[in-house]
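Student: For reference, the chains in residue letters:
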Amino acid sequence: MKIKTEAGERHVLAITVDNEAGVLAKITGLFTARGYNIESLTVADITADHALSRITIVTSGPPPIIDQIIAQLDRLVPVHKVVDLTDAGETHVEREIALVKVAGTGDKRIEALRMADVFRAKVVDTTLTSFIFEITGTSDKVDRFIALMRECGLVEVGRTGVVAIARGPEAL
Amino acid sequence: MVVQALVDLGVDTVFGYPGGAVLPIYDALYKHPTIKHILVRHEQAATHAAEGYARSTGKPGVVLVTSGPGATNAVTGITDALLDSIPMVVLTGQVPTTLIGTDAFQECDTVGITRHCTKHNYLVMDPDRLGPIMHEAFHIATHGRPGPVVIDIPKNVQVATGTYSVPEFIQHNSYRPQVEPDADAIAQAIDMIAAAERPIFYTGGGIINAGPDASAALRQLVSLTGAPITSTLMGLGAFPADDPKWLGMLGMHGTYEANMAMNRADLIIAVGARFDDRVTGRLDAFSPDSKKIHIDIDRSSINKIVPVDLAVVGDAGRALDALIAAWGDKGHKARDLGEWWRRVDGWRATRCLDFPEKKEPDADIMPQRAVKALFDATRGMDPIITTEVGQHQMWAAQHFGFFAPNRWLTSGGLGTMGYGFPAAVGAQIANPNRLVICIAGEASLQMNIQEMGTVSQYRLPVKIFILNNEWMGMVRQWQELTYESRYSNSYSDSLPDFVKLADAYGWTGLRIDTLGQLEDGIAKMIDTPGPVIVDCRVAQLANCFPMIPSGAAHTDMILQPNDITGTMDDEAKALV
Ligand SMILES: Cc1ncc(C[n+]2csc(CCOP(=O)(O)OP(=O)(O)O)c2C)c(N)n1
Ligand SMILES: [Mg+2]
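Residue numbers (the working numbering), protein chains in the order written: chain S, 13 to 184; chain X, 210 to 785.
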């Protein structure tokens, strides 16, 4: 007997929560307990008094599941607000930062540097045999950069995951 | 400070069990003038007793247990309360803050363990926060969709001298459930109801949680519209069982008429019910031609399983009141539903709850007959009925009639064997002068049978009526249906002599063996003061029908035992 899973579309959710112990566990636990996907998750507090945190989750699923995820998140006691930034199409900006370490000498090293320039990645550390690049962009762009670096001596990658914000003058 | 807060919150009863990490609270409860502490014999029972207290009164149940094993023993009852939306506050002791995280004696990560089986939980690290948290916890447990809240209190926080403050008015900064239904949605709903040709009300535990007024409003709306009504297991009692519009319970062991009417309806009005899998049967065949209105306080229940045409988020009682008002304002008149009722009556004519039985005095008692006899004997006494989990639970739901809310206490969502007896204890504590009967299976009862001691200690007149079939009957039934009657570990071997057990605890024990003894036995149980256990021997191999086998549609009900097939494919087995 086969267990079926459904494919779905990618959604970016911005969740405002009380900055208190256990909130993150509650949210990630909800995703695992109900079998929802987390493709990326970022969190940091966003107010001067450190009372609120913003969690950005990239998830995927068919529309009814996304709707259900939002409703489930929304009813958690410490959750203030859940917004689906993907809801109205291309109305939000998404960024991710990656630190990419590349080791090598000679042509490979030069090629890496040239490519980094094309991608507007910054060199944040260098030795005679290595670079660390910092690249900012959409996950797509970061993916493409990392794929190219694989050919140029990639040794290590650290990524932040996605943060996102809606376009226009209004707050969430 | 904890006890002060409980007093301020109007708590009169706490169900608990002491231990090292809660000794300061127990000391404050010593000879307390207003708070009665009920000492259970196992912490799980404290949580179910609190559920029984809550379900029979509408007030939150309160539990007090120690750290570590005290807290872990409470987890089943907490989960049960979450799934059945029962307001409950559980206070757990914790090791001192200085020892948290060191694997100290009787330390466990209580907030971690209970994170996903509570509506919310707290670990109190600052004594000054204790007062506000206690008040907030009661607010959250009782507002919106009710549920259990755990407050984990380290021992040093219990003894610290913090300032106790009471929030004037709790307006939680993030938790604000929508109680008042949207007026446009109500207007739209009432038009849909007025226009429907084949409407049916499908109601659930949410009506009970919304208070007795909601049940009254439901009766009024049903009578205005003239539509038939069915309910889930948790919703029994909201609508009187002797009303001609009542179709009985729906779902896996619901009536044929309720399930057929749901299937053929052109409008389902779901109120405080959540389209559970035991209710819907096979989803793609669930009520294919109907529009659906869903009234629920919890938005996440809407469109979770069955997509609906109109969502009304809000308290069931307020929504029903608003619908009644809108019905009048718009001058709607009940349609002639005669054709629809003719069809419903046709399904009713199958008399799906009838069962084969012998009538001689020395015949075996059919369990359905025992429930009916109990129902007849207690009519007019307005009893509170609790059940354990299994066939006896379904027979009680099918054959015992309820006329008012808060009289029917059963574990629906979690299906917890061991719930019924402690729930009866809690209900009896809350309603000392009422007749409280636990309809039990011999297997389930043994899961919390130690509470006989609690009943003796507080001289509670609880009655336990065991439908003793010497089997985990529900398991045996599934094994017959699905596994060609390979009865793997479903026989209740080595049963105690329940009459002698009664004696050991200072109860009265009775045994009923044959049909001829049934009425007298029940009468004797009712007339005997104090706690009574009745070992009612019933036909061992009786099965619970009608039944929708797992993975089947509402229209594929098994009505009779001989409709059974011997095996199932893996897909069906997996749905069990
Ligand atoms: C704690 C727990 N364990 C296991 C089950 C699975 N289960 C459901 S009904 C049942 C048998 C109940 O037997 P009994 O109490 O004698 O009731 P009967 O079905 O015979 O009326 C079992 C084991 C359960 N519901 N709860
Ligand atoms: Mg049994």
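Do not take every clue at face value.
Ranges between beta-carbon positions, derived for each pair [to be verified]:
hint, chain 1, residue 1, chain 2, residue 2, range
1, X, 239, S, 59, 40 to 48 Å
2, S, 47, X, 692, 26 to 34 Å
3, S, 59, X, 396, 14 to 22 Å
4, S, 184, X, 392, 48 to 56 Å
5, S, 184, X, 396, 52 to 60 Å
6, X, 659, S, 56, 24 to 32 Å
Treat the hints as calculated values from the structure; they're not laboratory data.
Even glycine gets a Cβ: it sits at the ideal position worked out from N, Cα and C.
Student: For each hint, tell me whether it holds in the structure or not.
Tutor: Results of checking the hints against the structure:
no.	hint	in the structure
1	X:239 <-> S:59: 40 to 48 Å	holds (45 Å)
2	S:47 <-> X:692: 26 to 34 Å	holds (28 Å)
3	S:59 <-> X:396: 14 to 22 Å	violated (40 Å)
4	S:184 <-> X:392: 48 to 56 Å	violated (27 Å)
5	S:184 <-> X:396: 52 to 60 Å	violated (31 Å)
6	X:659 <-> S:56: 24 to 32 Å	violated (50 Å)
Figure legend: structure checked against the earlier numbered hints; hints not met, in rising order: 3, 4, 5, 6.
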